[in-house]
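Engineer: Given next are the chains, with one letter for each unit.
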Amino acid sequence: MIFGYGGLGRAEQRRRHIDWFLIGAVAGLLVLGTLAIFSAAVPLPYHAQIIHRHFLGIGLGVIVFLIGMWLPYQIYDEQWKILYAISVALLIGVLISGEMLRGTRGWFKLPFFSFQPSEVARVCMILCLSAFLNRRAHKIKTLGAIVYAIGLVLPVLFLILKEPDLSSTLVLFPAITAVLFCAGAHGLYLGFLLGCGLLSFLLTVAWTFFSIRTDWLESSALIRFFMELSHLNVTLVITCVGIVVFFFVAWWVCARLGIPIPAVYFVALATIILVGLMAGNIMESQIKGYQRSRLVTFLDPAVDPRGAGYNLLQARIAIGSGGVTGKGIFSGTQSQLGFVPERHTDFILAVVGEEMGLLGTLAVLGLYLLLLGRIFNAARVAQDRFGYLVACGIGAMFACYLFINAGMSVGIVPVAGVPLPFVSYGGSNLVMSLWSVGIVESIHSRRYTIA
Amino acid sequence: MRHELSFDRLNQLSAGVYLMMGLLALRFVDLQVIRHSYYAKAAERNRTQTIIQTAPRGRVFDRTGNLLATNRPAFSLVFLPSLTKNQTYLSRLAKDMAPYLKKTDEELLRELQVAFETGSPVRLAENLPPKTMFNLAELRTLYPGVDLVVEARRYYPYGSLASHLIGYLGSIDSKTWLRLRDRGEYRKDSRIGKAGLEKLFERELRGRDGGILLEVDAHGKLQGILQQMDWKPGMDIALTIDSKLQRAAEEALRASHSRTGAVVVLDPQTGAILAMASVPDFDPNLFMIPQDEEVSARLKSLPEFNLAAQGTFPPGSIFKIVVAAAGFNEQKIFSAEKFFCPGYFQLGPRTFLCWDKKGHKLLDFLPGFAHSCDVYFYQFGLKTGADLIEQYERKFHLGMLTMGSNRKEDERFSLPGEKKGLISGPGERARRKAHGGDWYQGDTVNLSIGQGELLVTPIQMASLISTVANGGSIWKPQFVEKVISQDGHDIYQRKPELSGTVNLKPETWDLLHQALIQVVQDGTARSGHVSGIKIGGKTGTAQNPHGEDHAWFVAYAGLPGKPPSLALSVLVEHGGHGATAAVPIAKKIIEVALKPNDRPPEGSLPKEVPPKNGEQE
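Chains as they are written, first to last, in our numbering: chain A, 1 to 451; chain B, 1001 to 1617.
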């Protein structure tokens, strides 16, 4: 291995190897976000509290960031089981004694702030999965690796869904898939995994879609049957058995006819459908009312233009009306007069877009580009496989946050309830996001050293 | 490599991420640059709401400056819808407000929902009484989006006075709105002149509405006033009407036997309409009241028919003026020529009665005219001949619109719906081919006393007597004295307009005047005599086969030694005898106009009165 800067002490070396661009990107996003939160909070009755907590979050986040940067990241690799245990314990704990907030039992109420275990869990899961895959690097191409990896993550995903916190799941699932992808998992198995995820999501969308088309429901027996599958009942069980039988027969026929299709494809397809159905069922039962209605309006905006579609439309109006240079901070009519809902949290981009214009939104995108670029760079220069995987996972996670949040704000993604890290108001998310960046810094600054 | 991994997967992942970011950037450009103006407008619509404030319409004065139509500030309750309000809010609001607005919860809720769905403000109530306003002001603090605005509302201080002339306002109908909306001055809830002056001079009277541009938040709560757009009042109109005469005429008609009739008072020297009454009439203020069932019912049976210009009747004996003018002017007969009246007249197998069955015995023109002896005029007419009589009908512009005009721009100065009436005579009958087109002697007999096919309107008769009074000038009746723009300029100033001249020999005029004065002095209109005033007139009783006869009286009046300053016609529909039903009405009007002592002291300003109307103090 190469030792750079021979004469310098380790701490000095690391400081020199700090990725200031990464820190700059995060700082830039925080500045933009703080401005937007300030502006969005002005008309709110509890704005002092919001600003107070935001700075508390930044302060705590900076400490956590420094700890993350200072700690050799390999420690997570060594102690991943403890991390896993902490995550599960927190998630179980919050289900038992958590605060109910907006229909979700996902918060611990602490003296100064509330704290969301699912935020801790999502970072921990990336670390744990990376550690796990790091140990099975030689078997990564096998089906076993995937199955075990899923087995590892599934309980946590389930606990998060149980809260229910669909949005954390939405971010975590692609991030986990990205880690597996970067780890070099077999394309077929990854396809299998994505297939299950996509199918369950598409099934939810389809069930929702058909449920608003009552006239189709009455006219088509096929659709009625399809709707039957949306919850656990005899039809579902029979269908599952039917699917298994169908694929078995298909394989048997193919084998008899001498068509050389490996059995694994049949098993995979059948499992995708079965798992997709099950996962779709769980999603269907956990989806929240407001999420459902957003889905409905995304599918058919004419259903209720004044109701659920209102939020999405108002956010789009805010962004579009900002133009190139924006209306000026504190002067956005859409945000200041309360037309944009959740404007300091989920729809913070609407505030940025309206008050800072295209310059603001492109600045956010540009800073995210820098952030993700530096994280992926850290992955490339990481001195070991674990660091590489962690950086990939964290990068993928931030990308997911960006796509879902921004996509929702501009009306190309239906589901919502996902914050934009560093820009949205939200303490737990901010602290945990800063921790993730600290970990990436740790990976970056230790790229030349041997643990 | 430090670890046995290729970066292919990472490169693919990051490429995908950058691609997605590029798409997001394009979407931002799409929203914020390409479709910016659309969203900017949407945002502006969100935060602003406009309340239109109806501008005051131009005022209408009478000739002495009395206000006949003006405006009063009125409070309206408006509801500013906002997107965040929900059904429960609306129904709660409806329930709380309904008792104050005399509406049911359901009605109010429906109105609120329309506003909510269309996103535009709605007037929930207009012209609120102070008490209701006070109550609602309290509610306003509880319900954001409910507000009170002040507006100018049309008000007619004298109620039904001259209502047929002034007309009324009504909601704009959808057809008119479609036609006018491009002018940008009307809204769907605008009021527009529906009849009379309000309709004829809609363009002048209507002001430009003002408004308030409000900023509201997502809950419809008022944030502030962005812009106040001042209204511009409409132009004022001064009428030739004298409200004292008008009122006297209307009151007298209302007190008459049948409570139905018309009075037209003209200035015989200029054609100015001093009064034009038609009873039954209506109170145009009714149209400004929010419509409840009672009001709607009253509006349905609205007496919109202006008898003075639209009612056609046989003239009866007042037509004897025309017959006499024809006979004497054409020298077919001499005033001293006597006829015998036994109470009836035999023409071949037919018998024509005189109104007085006792008969008038032997008499010449002056007593024959003063007592309106029918038998005298049967023979007078036969001697004059129907052709000549018809010729004189035309000479006096019977069968023509008194206010008709050839110029399109003058149309607004004439009353809409005026009737022409019918000429009667051999020529007209031949032209119409009525009764086979043939004219018989019996027809001439009937025509001589104003019966038969002849039909005239009260305003035609007023014009007739005015022509006689001034010695042959047929002035076009006019009712608009001035149109005054808001900056004080006269846009229009009335100029007397001659629509024709009747050229008769001076002796004929003298004889007619003598005869008309005799009628009032010791003839059928004796009861109409007013001491100290020179009055000439003629009564008429138009036979009506369907009911009681119509009572007529036409007269001119003036101070002694001065030209007549008043020419009037009175018609009491189904009033019976002209002498008993119509004459007292005319007498009252003449007294009010020419007997200064009898008038109550009034502070009204003597304004713009033409000198010839020398009745002012």
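The set of hints was computed from the structure by calculation and includes no laboratory data. The reader is advised that the hints may include incorrect statements.
To be verified - Some but not every residue of chain B turned toward chain A, in silico, with C-beta under 8 Å: (1) L1024; (2) V1029; (3) Y1038.
Computed from a predicted structure; not experimentally measured. Cβ atoms here follow ideal geometry from the backbone N, Cα and C, with glycine treated the same way.
Engineer: Check each numbered hint from earlier against the structure, then list the numbers of those it violates in ascending order.
Structural biologist: none
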